[in-house]
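Q: What follows is the residue order along each chain.
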Amino acid sequence: MSTQAKYRPTWLKIGSVVFIAVWLIIAAFPFIWTLWGSFKIELDFFSIADWTNAFYGRNTEATYGSPFTLAGYEGAWIKEGFGQNVINTFIVCFFVVATSLTIGTLGAYALSRSSYNYVFWLLITALIFRAIPPITLVSGYLPPFFQYNVWGFLPTAIIVLVAINQPFTLWMLNSFFQKIPQDLDESAKVDGCTQFQAFRLVIMPVMWPGVITTGLFSFLLAYNDFAVTSMLLAESNRTMIPAINAFLGTTQTEGNVMFAVAAVVSATVPLFILVMFFQRQIVSGLTAGAVKG
Amino acid sequence: MAEIQLRNLSKRWGSFVGVDNFDLTIADREFLVLLGPSGCGKTTTMRMIAGLEEVTEGEIWIGDRKVNDLEPKDRDVAMVFQSYGLYPNMNVYDNIRFPLKVRKVDKSEHDARVMKAAEMVELTDFLHRKPAALSGGQRQRVALARAIVREPNVFLMDEPLSNLDAKLRVSTRAQIKNLSHELQVTTVYVTHDQIEAMTLADRVVVMNAGVVQQVGSPTEIYDNPANTFVAGFIGSPAMNLIDGHLAGGRFTAQGTEVTGLKGPDGPVTLGFRAEDATVSNDTSGQITAPAYSMELLGDATMVTVRVDGQQVNVKASKEYRAEIGDTVSISVPPEICHLFDRQSGARIAV
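Quick note, the sequences are listed as chains A and B, same order.
First residue of the first sequence: 1003, per my numbering; consecutive thereafter.
First residue of the second sequence: 565, per my numbering; consecutive thereafter.
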């Protein structure tokens, strides 16, 4: 009888497998296409004559003697010094994540343990600021930055990114802290902790999944940001995303599209590794409930 | 070792009164139980002693120190929380050791003291488990061990048994009684369960709506309740209370007539305990009514009748039998009766 209950019609089994397979291909196709194309030359990847050139690499073979070439990567990394952009990105990401998590954990903990009514309004205000498109804020920042001669530097971009990011981290961490029962703080205090010791020794160890999840989100925000970094950074201080944009060229400057494609692949790979590395923490952070005593 | 003095202690949130003018001295090594229904202010009182809730008015003294403005950590109290408040990332050993660690107790002492505390609550087999891998009763015992490991001046226990199942509650109750006897530490214990209060306490404080109703030993509170609230709260079943009139020492209510009472004429509430009255099948008793329900308890038979819409319970011998609907007669001699003022609910001194 139990096998009867578990029985699913064949068409449903096949249907769901096909559906998932098709979905997977559609979802993964842009990434795979870009990865494949990054080893071709522009004539192939953006071939007007025959789109299958992008697949077989006929022109690439004619130029370099092989259907695959590292010309795009060489151009981006060696000629254009994409490495410096990568370093800049990681500097920006590191300081954005570190600053917004420090302020975020302390602030969100205080908010989550406060019994005053203004907490609610603070969080609502934070949400409103989070909802404002970053670009509208950037236009307001520009004149004073020029006036005080701080435009173009990494610290400036970091401060602006933290400011844009902070409401979100506060909001997210606050909801994590609220899931940690107040009894934990109180028993720590009775056991001999100051408020800060209770936070550091008892609450934070339970909070790691939440901190990692929030940290990853703010990392991604800084990593993927275009609006702020493209407007606020001088050419020599560019992070990856505005650099890729520059490779594409403008109406005034000639770019090299294949450098951009190779750089896109280079910028995507670390994200895959990062998410896979932290996937357990992210899942437990997102599903929460992991903090129950 | 310390005496706790609560001097005219009050807690208010805006216009809401949580605890009203609580004045009590808890003797050194006394086991005091705060008893009352939920929302009566018993937990708030305890939290004020612990320092987790600010005092609106009044003073708290532990030993010879006024502790109103001291942090919880400086009051030298240990507390067992209703939800245990165990640290989920630490194993049992580290949970018990935590108070020693944060209080910077000499490291060489830690192991011996943790082991001793774990032994007292029979946890030595589980020291390396995380709280999540423990049963409710074991978690409860970890919380107890964490409280006793430091040998504090005062124990505070906030409904420590309420999350346990009935069977475990009885055995853990005995364990707490034994522990408190062994440790001889001033203990304040909060509960809404009057059986816990009766079995554990040296003295019981019955509270309702933030106001202390009665302070006394379990027997005092059971035998001489100060008002109808205490009478109706203590005992299982609670005291029978019948509203009626007293005139010339004769109490009358529907189907009820008790003579030989002493008290001023007027509207009163008559109270008596189920086990003090007796039942018969004739009409010789003071209350005569059809049996409303019969319950076999094993050691006794509980007979319930209804008087003026109110249930009156009487414990008969375990051999007693009657059918529902049979007319039964309950004998309520005046010496088992308590009289309360019907307006104020206060006991009328006889």
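One or more hints might be untrue.
Pairs of lysine to any residue, SDA-like flavour, derived with a Cα cap of 20 Å [said to hold, decoys possible]: (1) B:K665 with A:P1069; (2) B:K668 with A:F1170; (3) B:K668 with A:W1210; (4) A:K1181 with B:S647; (5) A:K1181 with A:R1202; (6) B:K665 with A:L1203; (7) B:K665 with A:E1044; (8) A:K1181 with B:K668; (9) B:K694 with A:T1196; (10) B:K668 with A:T1196; (11) B:K671 with A:P1183; (12) B:K741 with B:K694; (13) B:K665 with A:F1201.
Rather than coming from a laboratory, the hints here were simulated on the basis of the structure.
None of these values were measured; they are calculated from a predicted model.
Q: Now tell me if each hint is right for this structure.
A: Evaluated hints:
Taken as a hint, the B:K665 and A:P1069 pair is broken in the structure, with Cα atoms around 66 Å apart against an allowance of 20 Å. At roughly 38 Å between alpha-carbon atoms, B:K668 and A:F1170 are farther apart than 20 Å, so this suggested pair is violated. About 26 Å separates the Cα atoms of B:K668 and A:W1210, which puts this hinted pair outside 20 Å; it is violated. Between the alpha carbons of A:K1181 and B:S647 the distance comes to roughly 14 Å, so the proposed pair stays at or under 20 Å and holds.
For the given pair, A:K1181 sits about 17 Å from A:R1202 by alpha-carbon distance, which is consistent with the 20 Å threshold. Distance check on the hinted pair: B:K665 and A:L1203 sit about 11 Å apart at the alpha-carbon level, within 20 Å; holds. Of the pairs offered as hints, the one joining B:K665 and A:E1044 is violated, with about 65 Å between alpha carbons and a cut-off of 20 Å exceeded. Straight-line distance between C-alpha atoms of A:K1181 and B:K668 comes to about 30 Å, which puts the hinted pair past the 20 Å bound.
With a C-alpha separation of about 24 Å, the suggested pair B:K694 and A:T1196 falls outside the 20 Å cut-off, and the hint is violated. Restraint check: the Cα-Cα separation between B:K668 and A:T1196 comes to about 13 Å, which is no more than 20 Å; the hinted pair holds. The hinted pair formed by B:K671 and A:P1183 fails the criterion: a straight-line CA distance of about 30 Å is larger than 20 Å. Our distance criterion of 20 Å between C-alpha atoms is broken by B:K741 and B:K694, whose separation comes to about 27 Å.
As the CA atoms of B:K665 and A:F1201 are separated by approximately 15 Å, the hinted pair is consistent with the 20 Å bound.
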